[in-house]
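Keeping their order, the protein sequence lines are chains A and B.
Sequential numbering of the first sequence, starting at 1, is according to my numbering.
Sequential numbering of the second sequence, starting at 1, is according to my numbering.
I should point out that these hints are in silico values taken from the structure, not numbers from a laboratory.
Please note that a few of the clues may not be correct.
The calculated lysine-lysine pairs, modelled on DSS-like cross-linking and capped at a C-alpha distance of 27 Å, are [stated by the list, open to error]:
1. B/K94 <-> A/K75
2. B/K75 <-> A/K104
3. A/K33 <-> A/K75
4. B/K33 <-> B/K60
5. A/K94 <-> B/K104
6. A/K104 <-> A/K75
7. B/K94 <-> A/K168
8. A/K75 <-> B/K75
9. A/K75 <-> B/K168
10. B/K104 <-> B/K168
Covered, in the sense of this in silico footprint (three residues per stretch, anywhere, with C-beta under 8 Å from a C-beta of chain B), are these stretches of chain A [said to hold, decoys possible]:
11. 88–97
12. 168–180
13. 305–318
Where is the CB? At the ideal position from N, CA and C, for every residue including glycine.
Protein chains: 2
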Amino acid sequence: MGVRIPYEAVLNTTKSAFLNLGLSEEQADMCAKIHTESSLEGIESHGLNRVPRFAEYVQKGWVDIHAQLELVGAKGAVENYDGHLGIGVLNATKCMDRAIELAKIHGIGCVALKNATHWMRGGSYAWQAARAGFIGISWTNTESCMPMWGSKQPSVGNNPFCIAIPRKSGPIVLDMAMSQYAYGKLGVYRLAGKQLPFPGGFDSEGNLTSDPGAIEESGRILPTGYWKGSGMAIALDLAAAAMANERTGATLDQENRGSCTGCCQIFIAYDPYLFGSEEEIQEKFDQRVAAADATAPEREGGHVTCPGERTAATRLNNLKNGIVVDEQIWAQIQQLAEGNLNITDISSVCVLDQMSQE
Amino acid sequence: MGVRIPYEAVLNTTKSAFLNLGLSEEQADMCAKIHTESSLEGIESHGLNRVPRFAEYVQKGWVDIHAQLELVGAKGAVENYDGHLGIGVLNATKCMDRAIELAKIHGIGCVALKNATHWMRGGSYAWQAARAGFIGISWTNTESCMPMWGSKQPSVGNNPFCIAIPRKSGPIVLDMAMSQYAYGKLGVYRLAGKQLPFPGGFDSEGNLTSDPGAIEESGRILPTGYWKGSGMAIALDLAAAAMANERTGATLDQENRGSCTGCCQIFIAYDPYLFGSEEEIQEKFDQRVAAADATAPEREGGHVTCPGERTAATRLNNLKNGIVVDEQIWAQIQQLAEGNLNITDISSVCVLDQMSQE
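Let the hints inform the model, and build the full structure from the sequences given.
In structure tokens:
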């Protein structure tokens with residue numbers, strides 16, 4: 001069950017929760033803002049739903065709230081940072097900021113972060129670049145949760161991959177993971193007694209199926225686009241590990257700490273106005289998006305939109321009517337905000353998206 | 001029907017064909033090599049199959065064999081070139097070479113090419129980077145051939161996207177287009193009287209179908225991963241147009257010249273040994289790939305492989321037994337090599353992959 005809570009109340013309560021976990025004023029401010037904004041924009045799964053889980057990570061020692069981001073290598077337009085398992089969303093935000101600074105100097109900027117922790121909503125940092133007027137590209141590697149094409153045993157991560165395009169009338173943002181459906185989504189459908197709209201994996205007999213429970217049982221979620229998502233997952237993993245000079249997904253699997261602990265994250269920013277005026281480029285973007293959106297919808301009364309376009313409406317609606325928060329999650333955040341850190345049923349709430357990035 | 005022709009004979013005949021089209025000795029050498037190598041590695045659709053079509057492009061004026069690649073902008077790690085509609089594969093090769101040079105200086109290098117023409121096999125340039133010891137990322141925008149998710153009318157291109165990882169034991173290379181199946185593939189299945197292994201589009205009534213003929217009729221090929229490939233296609237299009245400061249897919253559609261004429265292509269190279277030794281990074285790659293390949297295959301006797309891994313075996317087999325060339329295509333290349341440029345049935349051979357990038 002979701003309840004609607006006003007933006008300010010969510011932000012303040014969440015900040016108190018983070019303060020009680022030992023975060024500094026500044027850290028708690030930023031963390032509360034990032035988690036709240038994700039839910040505000042409709043991405044509850046990686047917004048407020050993750051606050052109790054973050055508390056669990058801190059208590060388990062998967063996240064070190066005192067760790068400092070450290071520059072460990074640099075060449076030209078590229079910098080390599082060690083996150084020392086610090087707070088994922090804060091380090092990721094700083095890294096995209098730095099990539100933007102590098103892009104201002106070199107046209108393109110790339111920051112490769114090692115010893116990272118879960119960055120929650122993958123799209124946050126691409127959105128961040130777009131809001132600063134830059135094209136943003138980002139991805140991470142993760143532990144394995146998905147069989148490669150042709151295999152029945154998980155061996156690649158559901159690595160998120162994001163591309164954002166700055167647009168005055170609203171950024172266009174791709175924020176995709178490598179599986180067709182997240183494990184969390186399977187759970188939602190199973191609990192509702194529904195079949196998936198399209199096949200989402202294989203059952204234990206190796207048949208393609210839309211039955212969410214059968215896929216949860218087999219552990220064989222489907223790569224998006226079958227062989228394509230499978231290939232993309234391994235390529236992104238290898239690239240991230242080389243660029244940041246640390247763990248591949250295979251090493252994360254061996255260490256088995258869970259939830260992306262120690263992963264590599266890549267942040268690329270590009271100045272879209274290097275060779276054309278902002279006015280011309282923005283006009284180009286608007287024409288392109290308008291042409292796509294003007295095509296005939298599949299169903300009568302439908303509206304074709306590009307990814308990210310509906311976000312502004314979602315924000316407005318949630319600002320006006322309150323942010324949707326799962327009732328149980330909200331109770332847990334309130335408990336954290338009141339100083340009760342001994343929440344025992346986090347796993348039951350979060351287990352559904354434990355293995356997934358989307 | 002495919003025939004097998006020895007590598008040297010293919011290379012020499014194809015070079016003669018290019019010379020007869022007016023290419024210089026050096027141009028013909030490089031073009032023959034690139035088309036031959038694509039077929040050698042099993043990508044016939046964008047290798048030798050494209051030689052008669054290239055002849056047609058030259059005769060139609062879609063490709064200007066005398067055009068010179070021109071540097072039109074530069075900042076730090078980024079350079080912008082104007083291809084002036086010159087020979088696609090040659091300009092793309094030069095651009096990736098230049099991206100590699102920029103990466104040697106700046107850690108990362110990016111070349112954005114405008115007024116490009118068809119680069120044939122998308123993976124060629126990522127492979128080129130990997131063979132030079134660099135991570136290569138490349139993509140292009142194209143005219144629209146695929147409906148966006150939620151639409152029944154084509155509005156995005158089947159833009160190829162490639163990532164290559166240099167590995168001494170053989171590069172890992174993702175070379176994917178944005179549709180689940182290329183139009184060419186639909187034709188192959190239809191002619192063989194077969195259904196597609198997985199749904200590949202919608203029929204005219206809007207039902208998801210595996211019937212290739214029904215999809216050809218409706219023009220509604222399926223984005224890979226449904227909404228995901230759709231979103232990725234528009235994001236790559238916008239990024240390419242901004243980075244290269246030229247046409248989006250919508251402008252290509254308006255101009256309606258066909259076959260990517262005037263498109264934007266992006267070439268990114270990254271030095272994987274910036275922060276780690278070559279030995280360590282290569283060991284990391286090998287461990288990662290070995291872990292993936294060692295997982296249990298879906299079917300007894302199957303082998304799990306990462307993308308690009310089978311290419312070495314395909315090369316060896318074709319070097320030993322001859323390159324597979326479609327009989328009709330080979331006859332046309334021979335005609336071109338003999339100086340007969342008035343081939344009239346190119347369209348009938350190539351129509352199946354006309355609208356597709358894969």
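task: Would you mind confirming whether the straight-line C-alpha gap from A/K94 to B/K104 stays at or under 27 Å?
output: Holds. A/K94 to B/K104 sits at ~26 Å (cutoff 27 Å).
- request: Apply the coverage criterion to the region 168–180 of chain A and chain B: a residue qualifies when its Cβ sits closer than 8 Å to a Cβ of the chain, and three qualifying residues are needed.
  value: This one holds; 5 residues, not fewer than the three required, reach chain B with a Cβ under 8 Å.
query: Does A/K33 pair with A/K75 here, judged by a C-alpha cut-off of 27 Å?
result: Roughly 32 Å between the alpha carbons, so the hint for A/K33 and A/K75 is violated.
message: Check whether the Cα positions of B/K75 and A/K104 lie no farther apart than 27 Å.
response: Judged against 27 Å, a Cα distance of about 10 Å means the pair holds.
- request: Below or equal to 27 Å on CA atoms is what counts here, so check B/K104 against B/K168.
  value: holds, 19 Å
message: Need the status of pair A/K75, B/K168: alpha-carbon distance at most 27 Å?
response: Cα-Cα ~24 Å, so holds.
Distance restraint between B/K94 and A/K168, which requires alpha-carbon spacing of 27 Å or less: Cα-Cα ~35 Å, so violated.
message: Closer than 8 Å Cβ to Cβ for three or more residues is the test here. Does the region 88–97 of chain A pass it with chain B?
response: violated (count 0)
message: Hinted pair, alpha-carbon criterion (27 Å max): B/K94, A/K75. Please report holds or violated.
response: holds, 24 Å
- prompt: Are the Cα atoms of A/K104 and A/K75 separated by 27 Å or less?
  reply: Given pair A/K104, A/K75 holds - Cα atoms ~15 Å apart, limit 27 Å.
message: Hinted pair, alpha-carbon criterion (27 Å max): B/K33, B/K60. Please report holds or violated.
response: holds, 23 Å
- request: Tell me if chain B covers the region 305–318 of chain A under the three-residue, 8 Å CB rule, please?
  value: Holds: 3 residues of the region 305–318 of chain A have a Cβ under 8 Å from chain B.
Checked against the numbered hints above, the structure breaks hints 3, 7, 11 and satisfies the rest.
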